[in-house]
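Colleague: Residue numbers (my numbering), protein chains in the order written: chain A, 1 to 397; chain B, 1 to 85; chain C, 1 to 215.
If you're looking for bench data, these hints aren't it; they were derived computationally from the structure.
C-beta atoms are modelled at their ideal positions from N, C-alpha and C, and glycine is treated no differently.
Check before you lean on any hint, since a few could be wrong.
[As the list claims (entries may be wrong)] To give an idea of the interface, some chain C residues facing chain A are shown, with a C-beta separation under 8 Å as derived from the structure:
(1) 76
(2) 101
(3) 132
(4) 135
(5) 141
(6) 157
(7) 159
(8) 162
(9) 163
(10) 167
(11) 197
(12) 200
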Amino acid sequence: MNQQVYITGMGIVSSIGFNKEETKASLLKEKTGIEKVAYLSTIDENLLVGEVKQSDEAIAKSLKINTESQLVDRASLLGIKAVKEALDEADIRDEADIVFVSGTTVGGMSTTEKNYSNYLSSDDLNKSIMTHTCGSSSEMIVDYFNSFSEIYTVSTACSSAANAIILGTRLIEQGKADIVVAGGCESLTKFHINGFKSLMIQSNELCRPFDKERKGLNLGEGAGYIVLESDKSLKSRKVKPLCRVSGWGNACDAYHQTAMSEDGNGPYAAMKEALDKAKLSEKDIDYINLHGTGTPNNDLSEGIAIKRLFSNSELLVSSTKSYTGHTTSASGGIESVISIMSLINGFLPANLGFNSVIEEHNIEPIKNSFKTVNLKHVMCNSFGFGGNDSSLIFSLI
Amino acid sequence: MEKLINDLKEQIIEALSLEDYSVEEINADEPLFGEGLGLDSIDALELIVLLEKNYGIKLNDPEKGKEIFKSIRVLAEYINANRAF
Amino acid sequence: MKQESKIISYTYIDAERNIVVINGEKVFETENLDIKDFLTKVYKTLCDSYPKFYKMDIHCKLGYLLSELLLESSGNRQKGIEDRAIAVVNSSSSLCSDIKHQASIEDNGNYFPSPANFVYTLSNIVTGEIAIRNKYYGETISYIHSSYDSKYLKEIFDLSMVDECNNSILLSWIESIDTTAEGIMFLISKEEGKEGVNVSEKELDNIWQKLKNNK
């Protein structure tokens, strides 16, 4: 018998806020967090990024972490901040045996690149690997808390956090765990900024997801985590759930390493699987938080996949990457938290930068944010390189 | 021109890891993309890097590549007209 | 109809030791080739032509070869299916590509990051390559874990296979760093009529121990 999977807490950090309250306020004010780079040291002064507006030192200080005695990279600091908010909301203090499932790709690269030239001269590769590997970033987060007994680190590029949530959901569903914290964190690094630059999909203007004239994405950083919990645990802890995870799907586009197929087969299959799992019809979905990166390729394929699957002309969609930038591995976590906040608080964020529809699919995203709206089921899309496509559905109880 | 075409063939084999091909086997007039060498969008981006690295030509719009990368001869002509060094 | 999941077949490559093993049997061996040359030799000797192979980094080549040998030798390629998952575990991700990419952006006077190389810095790209090659449209997932760990492999196997969407899985541990490149891939299926040994933590450990001790 499959268990229901409930959500009891969530935490979020991104360029539009250090917590849920600030994030919601920015979304409703339709205020983007994408600005000229200020915290990352780079020669490209005009680079537009969704940076978390605090230095490593300031974030560390707010978490009472001594950066002189402890080596903690930026991605882990952001992760700790979001996990802490999620655990606080779920009122988890002394519980042990919690499973941590985290998605990251760049891992501790921010630390590695700061010291890169020193590593080369000292020929000390091992040291760089210490914070470099993606796994170490999860371990640093776990070390900060006393609650986690098991760690899974998922690394599937931009869908990492969404897949972490899928795996966490399965752990609860199958009765293998009672409480799971799942999501992802990522910090901006020159490493992947330059990588995306070489792929020529970064825009030097503010990104315009789902707009006909879109020119590419802006990168961002942050963390988003949710607390997943079994019914048994809810009862024993006497806590009320916020909502539940009702559907999830992961499929492979099997087309190209970085480009999506023209028909959006992978995204279509992932969304379809999520609907089937939730035993919902396409008409039941009230809102989709799009992957919507703002690249010509993604927004075309994702839109076509949506058009193929959804007949509902009232369907509301928006990409919140126009606020946070594309937070790569963290995006599935950040956007799941935004989707859940929308669902339980009854609001919907506008899709910034949109003017005219992409003719091939004619999808018009939300132009003005809804301050109040009734929602029952929301979907959150997350697609990654390697054709790794995931879709999640969150439902009111 | 023929020297440039030959150089380009060598550089393309190297940059795109076309280890099954020799300079002789690549026809300068055949389409680079689609059938033939089996190149894809990432290869097109690699060619843009190659243009900048070896000839000082900067392409900011990947769409532009579509015209220039029609064949090695077209590419060579473009390089001759635009090269910085 | 479904049955208990069985290990149908497995492949193992240790590029440093220059050996290829299929189902416990050494099927190919050379001497003194560096890992890149060895992997190319395996490709040329044992695999069908797939020119994209040359574009892959070491990590991806290793995973690709494991999958090709596994699917071909077991006669279970089944192109174009949706119910076969691909799950890969590694520790150092694609460190060789990471170092190359970092070097290409470090020097302003010589700034030429390669898009192809950047793509291979993503440790899940190998799952995409295998899916593209075989047109597998199902689940793909990549994990980071410190070492070959049969308990962990069994856990992530369960996590994928509990889903009714998945009837078989390519489960793999791939690790490449500096001069080593070693990996194992299992084809495990719960489809009726498939023969093999039942999957268990113990079995996954036994197989690995035998491969490691067989020097």
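Colleague: For every hint, state whether the structure bears it out.
Modeller: Taking the hints in turn, this is what the structure says about them:
1. A least Cβ separation of about 17 Å between residue 76 (chain C) and chain A goes past the 8 Å threshold, and the interface hint is therefore violated.
2. The beta carbon of residue 101 (chain C) comes within 6 Å of a beta carbon in chain A, closer than 8 Å, and the hint placing it at the interface holds.
3. The closest approach between the C-beta of residue 132 (chain C) and any C-beta of chain A is roughly 5 Å, which is under the 8 Å cut-off, so the hint is satisfied.
4. Of the supplied interface hints, the one on residue 135 (chain C) holds, with its beta-carbon coming within about 5 Å of a beta-carbon of chain A, less than 8 Å.
5. The beta carbon of residue 141 (chain C) is positioned within 8 Å of a beta carbon in chain A (closest approach about 6 Å), and the interface hint is therefore held.
6. The beta carbon of residue 157 (chain C) is not positioned within 8 Å of any beta carbon in chain A (closest approach about 12 Å), and the interface hint is therefore violated.
7. A cut of 8 Å between beta carbons decides the hint on residue 159 (chain C): the least distance to chain A is about 5 Å, and the hint holds.
8. For residue 162 (chain C), the interface hint holds, the least distance from its beta-carbon to any beta-carbon of chain A being 5 Å, beneath 8 Å.
9. Hint status for residue 163 (chain C) relative to chain A: holds, with the closest Cβ pair at about 7 Å, below 8 Å.
10. The criterion of a C-beta within 8 Å of any C-beta in chain A is not met by residue 167 (chain C), whose closest approach is roughly 14 Å, and the hint is violated.
11. The interface hint given for residue 197 (chain C) is violated, since its Cβ lies 23 Å from the closest Cβ of chain A, which is over the 8 Å cut-off.
12. Interface restraint check for residue 200 (chain C): the shortest CB-CB distance to chain A comes to about 16 Å, outside 8 Å, so the restraint is violated.
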